[in-house]
Amino acid sequence: MAEGDRSPGASIEVEVLRYRPEQDSEPFYQSFTVPYAEDLSVLQALQHIKDDLDSTLSFRWSCRMAICGSCGLMINGIPKLGCRTFLREYYPGRVRVGPLNHFPIERDLVVDIEDFVGKLEKIHPYIIPREPRTLDQGEYLQTPRQLQRYLQFSNCINCTLCYAACPQYGLDPAFLGPGITALLHRYNADSRDGGQAKRAAIMHAEDGVWGCTAVSYCSEVCPKAVDPANAINQNKMASAMDYFLRFVKPGGARK
Amino acid sequence: METYKADVAIVGAGGAGLRAAIAIAEADPALTVALISKVYPMRSHTVAAEGGAAGVVQAHDSLEHHFNDTVHGGDGLCDQDVVEYFVAHCTEELTQLEHWGCPWSRKPDGRIDVRAFGGMKIERTWFAADTSGFHMLHTLFQTSIKYPSIRRFDEYFAADLVVEDGRCQGVVVIEVATGQFTLIQAKAVILATGGAGRVFRESTLGGIVTGDGMALAYRHGAPLRDMEFMQYHPTCMLGTGLLFTEACRGEGGFLRNRDGYRYLQDYGLGPAEDKPRNKFMELGPRDRLSQAFWHEEKKGRTVTTAHGEAVHLDLRHLGENKLRERLPLICELAEEYLKIDPARAPIPVRPAIHYTMGGIYADLRAATPLPGLYAAGECASNGIHGANRLGSNSLVDIIVFGKMAGVEAAKYARGVSQSPHGVLEKQARGAQERALSPLRSARGKERHSVLRREMAQSMEAGCGIYRTAADMQATCDKIAELRERYGRVDVNDKSSVWNSDWLGALELGYLLEVAQAVVHSAINRKESRGAHQRLDGYEQRDDANFLRHTMAYHGGGGPPRIGYSDVVITRSKPGTRAYGAAGEQAQAQERKAAHG
Ligand SMILES: Cc1cc2nc3c(=O)[nH]c(=O)nc-3n(C[C@H](O)[C@H](O)[C@H](O)COP(=O)(O)OP(=O)(O)OC[C@H]3O[C@@H](n4cnc5c(N)ncnc54)[C@H](O)[C@@H]3O)c2cc1C
Ligand code: SF4
Ligand code: FES
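Protein sequences, first through last, are from chains A and B.
The first sequence runs 2 to 256 under the working numbering.
The second sequence runs 22 to 617 under the working numbering.
So here's chain A without its partners, still in its complex pose (with noise of 0.2 Å):
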């Protein structure tokens, strides 16, 4: 794809960790060369792997962007996309690519999502209208600030990064997370919704905002600057307000 930038011959090791869970009893890394040049992407020596080495290697993609998420990947011990991730990072050195952390392997790069898509069901991920308007009475209206106000947090593309960079969801499943916290404030901040109350309890919970050590590693990794640390801080930030406001708001507690 790249031959004009390459200079002749070169090469770049790739390792790749494989696992099927028909043939092999536990994981192995399994070794390649592949051609190298400046602009091709750890994506693009996967995809060279499977075309023309080994046919059997199994991983996500589609874009080639960064704007699917398909393609979340540990290259040398950090999550990242191997689509936005470029061979010349690592050349001459040899580049080692695994599947990402803290989920369950399916096949080779292809990890178990499911937890992730599961929470993101359970956050009334949609708009809870704050007032019900008709479609002949045109847009809600939104000024450029309401909107930055939770722009960023619509901008996760769901690739599961962070999670894979969250010591705390390593330890414990049942943790909210990152991404899906800063998808949840998305929907809070905007300015056209009133579903607070119902996301509320799941925000608050331990397994929520309070189960994160803030690491912010999250943040670090993130490749869109979601910076999904931040949302969860805004919420314990609020969660510790709330609780304060029932002592002193008289009838406070009633709510």
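Simulated from the structure, these hints should not be mistaken for laboratory data.
Model, not experiment: these values are computed from the prediction.
Every residue, glycine too, gets a C-beta built ideally from N, C-alpha and C.
Errors might be hidden in some of the hints.
Claimed, not checked - Calculated cross-link-like contacts (lysine-lysine; reagent style PhoX-like; alpha-carbon spacing at most 25 Å):
(1) B:Lys142 to B:Lys128
(2) B:Lys515 to A:Lys51
(3) A:Lys225 to B:Lys142
(4) B:Lys167 to A:Lys123
(5) A:Lys225 to B:Lys360
(6) B:Lys466 to A:Lys51
(7) A:Lys199 to B:Lys167
Stated by the list, open to error - Residues from chain A that keep clear of chain B, each with C-beta distances beyond 12 Å, as calculated:
(8) Glu27
(9) Cys69
(10) Ala201
Unchecked claim - Residues of chain B placed beyond 10 Å of chain A at every Cβ, according to the derived structure:
(11) Ala69
(12) Gly122
(13) Gly131
(14) Ala180
(15) Val324
(16) Lys343
(17) Arg365
(18) Asn520
(19) Tyr559
(20) Val589
(21) Thr597
(22) Lys613
For chain A, the structure is supplied; the task is to place chain B with the ligands on it using the hints.
Here is chain B with the ligands on its own, set in the frame of chain A:
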């Protein structure tokens, strides 16, 4: 075989499939919906759409303008009754998405903002920065979670349709994680499987855009219509084909050749002015811009790069702030993939395959000629795109007609009953046997990755921006050869869990049949129109003979049978198709002729 019974089965959970599912759930919560997708819904390729979606909102705009732009852009081949319905429902559907939470970009007063797009006379493109499709898809997916009647089959691969008693009654699917087959029985089936651009080499498309639904419907006798019209998008990344959205030009970007010259003025799109003007220069339609590139390349006025010839997409004059606010993804792509800061340097681009105008023939009600089978979105040809789609019409196509397909399929499902389970299961077993055949080792030694590459190269050579009979014939022959070799494909991987080697082979089977429909449709259209341009004596549009839709019918192991059908013209006679100053002149003349 495991069986799941639904009232309606939908294959595809991109924008069209999700919108259809929600429409059914809202029409009648008692109807069960099976929503099947070979990837998780939010991975569907709608996610990659950048620029935005068209819907009339400005006081000086009108449905008539949107209608005219669409029909004009489609070079006469749009079904105008369908376009009329379409333009009348775009804004309503985009507002619906707004109510569901889509973060459309706003004006300071809180109203929807719109931007300019190629071939559109007045700004009417709603956008969410430059990740419009991403936000539409996630909004639809997350909203769909609200409806308990939608049962998702995420990562289930459709291997065949079940057709019994002359109507479509279900889908045979493979669970990717286990390789297990399931029969999904349904009273109506909607195909929403997206385009087929992966029959070509360099494209803006994800790996999943392999024409599956088109091939399935086609095998069961539904015609594929207007398949020769494959859209090249003029501004794509070299090497990968990744897209730099048309919104780059809508925001005011320029295209320059090696001398820094805005060459589009030499191709009937001028005059060149500093400010973007709708339907002029960089805001001309995609077919014209891609063709202009081809000529520049022939004249040796392009820039040579490591991955081939390019022109420059120049965004420098837009300034850092505007670029970050309006085109953040474009900045990310340029910086991460090319190490270019678009505020400081121009981006090398060239045309790449982008959109399938043709598809499964479907009428205004999204119904295909096969009873019980509906089609919506890029996999369908409902007649709104004609010979060349306008940018920002597809993202509304998928929701307007996604909803239509849902409503109509629900109606149909309420009125029919299913054939006995045993009969349907027998059909499903046959489909299972066929799908398993590439895994039987005694077949031969062909590798599907090799065949796929040869197909894509041949399609590019024969069905590129400009075409000749000799090149197209060579591609016809090549595809026939590849279909024959396909029978000897051996899949190395024999396991059941996540066997993407096997599914890739099945996808290639779909691709080859769709590719054959494309090239045979093309070679038989002896004229030039929209995205189908010939250099061998058929350089002109020929309305007398070819103001007609091409219909390709499956020909078993051989090539398709090609037929034609009429274009529905309601109020706009196909006129001269011109842009820039020439376009204004032609329009004035036509107005005068109409009144004089
Ligand atoms: C880079 C890019 C930018 C674009 N920008 C714009 C724009 O700005 N404006 C605009 O109007 N249009 C744009 N388009 C076009 C537009 O995005 C698409 O035409 C549209 O999103 C297609 O939607 P869809 O629902 O029909 O299909 P898709 O979103 O492609 O969904 C297809 C679905 O079918 C499923 N599927 C396919 N085969 C099978 C099978 N065998 N079994 C099970 N499931 C299957 C897939 O899993 C997926 O869920 C753009 C396109 C691209 C590629
Ligand atoms: S928050 Fe960021 S890292 Fe986490 S899933 Fe979303 S996009 Fe991925
Ligand atoms: S392939 Fe879509 S995010 Fe990498």
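When the hints from earlier in the document are held up against this structure, which numbers fail? 3, 9, 11, 12, 13, 18
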